[in-house]
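Visitor: In case you want the letters, here they are:
Protein chains: 2
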Amino acid sequence: MALIFSTGNRHKFKEASELAARHGIELEQRGVPYTEIQADELEKISSPGALHACIMLGSPCFVEDAGLFVRALRGFPGPYSKYVFHTLGNEGMLKLMRNESDRAAEFRSVVAYCRPGGKPRLFSEKVEGVITFEARGKSGFGFDPIFIPSKGDDRTFAEMSTSEKNGISHRGRAVEKLFKWYTKKRAKR
Amino acid sequence: MALIFSTGNRHKFKEASELAARHGIELEQRGVPYTEIQADELEKISSPGALHACIMLGSPCFVEDAGLFVRALRGFPGPYSKYVFHTLGNEGMLKLMRNESDRAAEFRSVVAYCRPGGKPRLFSEKVEGVITFEARGKSGFGFDPIFIPSKGDDRTFAEMSTSEKNGISHRGRAVEKLFKWYTKKRAKR
Chain A
1 MALIFSTGNR
11 HKFKEASELA
21 ARHGIELEQR
31 GVPYTEIQAD
41 ELEKISSPGA
51 LHACIMLGSP
61 CFVEDAGLFV
71 RALRGFPGPY
81 SKYVFHTLGN
91 EGMLKLMRNE
101 SDRAAEFRSV
111 VAYCRPGGKP
121 RLFSEKVEGV
131 ITFEARGKSG
141 FGFDPIFIPS
151 KGDDRTFAEM
161 STSEKNGISH
171 RGRAVEKLFK
181 WYTKKRAKR
Chain B
1 MALIFSTGNR
11 HKFKEASELA
21 ARHGIELEQR
31 GVPYTEIQAD
41 ELEKISSPGA
51 LHACIMLGSP
61 CFVEDAGLFV
71 RALRGFPGPY
81 SKYVFHTLGN
91 EGMLKLMRNE
101 SDRAAEFRSV
111 VAYCRPGGKP
121 RLFSEKVEGV
131 ITFEARGKSG
141 FGFDPIFIPS
151 KGDDRTFAEM
161 STSEKNGISH
171 RGRAVEKLFK
181 WYTKKRAKR
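If you read the protein sequences in the order shown, they are chains A and B.
According to our numbering, the stretch in the first sequence is residues 1 to 189, in order.
According to our numbering, the stretch in the second sequence is residues 1 to 189, in order.
Derived by calculation from the structure, the hints in this document are not laboratory data.
Careful, some of the hints might be misleading.
[Stated by the list, open to error] If you want a taste of the chain A side facing chain B, the calculated C-beta under 8 Å gives, among others:
hint, residue
1, Ile25
2, Gln38
3, Tyr80
4, Asn90
5, Gly92
6, Leu94
7, Leu96
[Claimed, not checked] When the alpha-carbon atoms are kept at most 20 Å apart in a straight line, the in silico EDC-like pairs for lysine to aspartate or glutamate are as follows:
hint, chain 1, residue 1, chain 2, residue 2
8, B, Lys177, B, Glu100
9, B, Lys180, B, Glu125
10, B, Lys82, A, Glu36
11, B, Lys138, B, Glu91
12, A, Lys95, B, Glu43
13, A, Lys82, B, Asp40
14, B, Lys82, A, Glu41
15, B, Lys95, A, Glu91
16, A, Lys95, B, Asp102
17, A, Lys184, A, Glu26
18, A, Lys12, A, Glu164
19, A, Lys82, B, Glu41
20, B, Lys82, A, Glu164
21, A, Lys82, A, Glu106
22, A, Lys95, B, Glu100
23, B, Lys95, A, Asp102
24, A, Lys126, A, Glu26
25, B, Lys44, A, Glu36
26, A, Lys44, B, Glu36
27, B, Lys82, B, Asp40
28, B, Lys119, B, Glu43
29, B, Lys95, A, Glu100
30, B, Lys95, B, Glu36
31, B, Lys151, B, Glu125
32, A, Lys95, B, Glu91
33, B, Lys184, B, Glu26
34, B, Lys95, A, Glu43
35, A, Lys151, A, Glu91
36, B, Lys177, B, Glu26
37, B, Lys138, B, Glu159
38, A, Lys82, B, Glu36
For clarity, every value in this text was computed on a predicted model and none was experimentally measured.
Glycine residues also receive a C-beta, built at the ideal position from the N, C-alpha and C atoms.
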């Protein structure tokens, strides 16, 4: 049986699929409109989200919630990154960061898995980096063109291939944690 | 029995109290941490919010959700105005609006009332205006210092008294609608 990734975001699904293939996991995308609550921490959003999606689907699934937390902007846009990307975009973020010397930021990801009758299980990761002065690159999505991870070279996430980004990124590493746990759990049955 | 306004915001409570007094309604503030969901429309947030608060309190109550919708920013910060005010503040909003000639914006308010066993009843209002080039005034709260309502003179909401702001504002007029309906309903019993 395929594992369901409940998301409407094809970019996220593409990233997760690339990792799933390496674990021999068949992944299925389902755009269930599960409820996301307003909270400052991603855990508080993805945990009830996974529960809701699982109830609606009636089968095991996972959701993923991510956010870009910029230090100089007191964590903005954080849990509201998707909304902020669709309204202000990278251009708006760069405008907010104009004349700002502290460029530190981090991407955080929380993957929440849930099976019918069970409680959500969380897998979190984050990646530190800096906000660029201009957008660079065409890969990925969202704020990828304005974020350079500290663990890489001087390229933005949008200048990396999916597999390269997956090896460093918040989402890639959180999803990888889920897949390792899931594979082990499956082997025990 | 006092009518409960479920809010953690003392400024909102002050504004509503001023109006309640005129209708002979006794208002009580209760900071019930009801769940707010993520949605583009305020109605989708305040309606389940009122239901949740009512279940937790076990008595009739209302909640109010408001947002500043800036046209040039595709409606940003909209439903996330509270979060954006606490992270970017008025300074951040003015930075985003720098060199922007289209200053049009509107404040929207949705008041949702709910009684045990009932469905939420909504009262909505909005007020059009413009975003200033600098913050002015000390009254009110949130984005009041950078918003000039079209129906007033050239003063911002933060340069008006509570009763003056209430007569024009989104929240004042939405709460007024609730109080008129509530008073009529009470008279019938």
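Visitor: Would the hint on A:Gly92 be counted as holding, given a Cβ-Cβ threshold of 8 Å to chain B?
Guide: holds (6 Å)
Visitor: Checking one constraint from the list: CA of B:Lys95 to CA of A:Glu100, max 20 Å. Satisfied?
Guide: It holds: about 12 Å lies between the C-alpha atoms, which stays within 20 Å.
Visitor: CA of A:Lys82 to CA of B:Glu41, is that 20 Å or under?
Guide: holds (15 Å)
Visitor: For A:Lys82 and B:Asp40, compute the direct alpha-carbon distance and say whether it is at most 20 Å.
Guide: holds (12 Å)
Visitor: Are the Cα positions of A:Lys95 and B:Glu100 separated by 20 Å at most?
Guide: Holds - the C-alpha atoms of B:Glu100 and A:Lys95 are around 12 Å apart, at most 20 Å.
Visitor: Can you verify the interface hint for A:Leu94: is its Cβ closer than 8 Å to any Cβ in chain B?
Guide: With a closest approach of 11 Å, the A:Leu94 hint is violated.
Visitor: Close enough to count: is the Cβ of A:Leu96 nearer than 8 Å to one in chain B?
Guide: holds (6 Å)
Visitor: B:Lys138 and B:Glu159: Cα distance at most 20 Å?
Guide: holds (7 Å)
Visitor: Closer than 8 Å between Cβ atoms is the bar; does A:Gln38 clear it against chain B? Give me holds or violated.
Guide: holds (4 Å)
Visitor: If you draw a straight line from the CA of A:Lys12 to the CA of A:Glu164, is it 20 Å or shorter?
Guide: Distance ~14 Å between A:Lys12 and A:Glu164 Cα, so the pair holds.
Visitor: Holds or violated: B:Lys138 and B:Glu91, Cα atoms, limit 20 Å.
Guide: holds (15 Å)
Visitor: Just to be careful, I want the Cα atoms of B:Lys177 and B:Glu100 compared with a cutoff of 20 Å; is the pair within it?
Guide: Violated: B:Lys177 and B:Glu100 sit about 35 Å apart, past 20 Å.
Going through the hint list in order, the structure does not satisfy hints 1, 4, 6, 8, 12, 20, 24, 30, 34 and 35.
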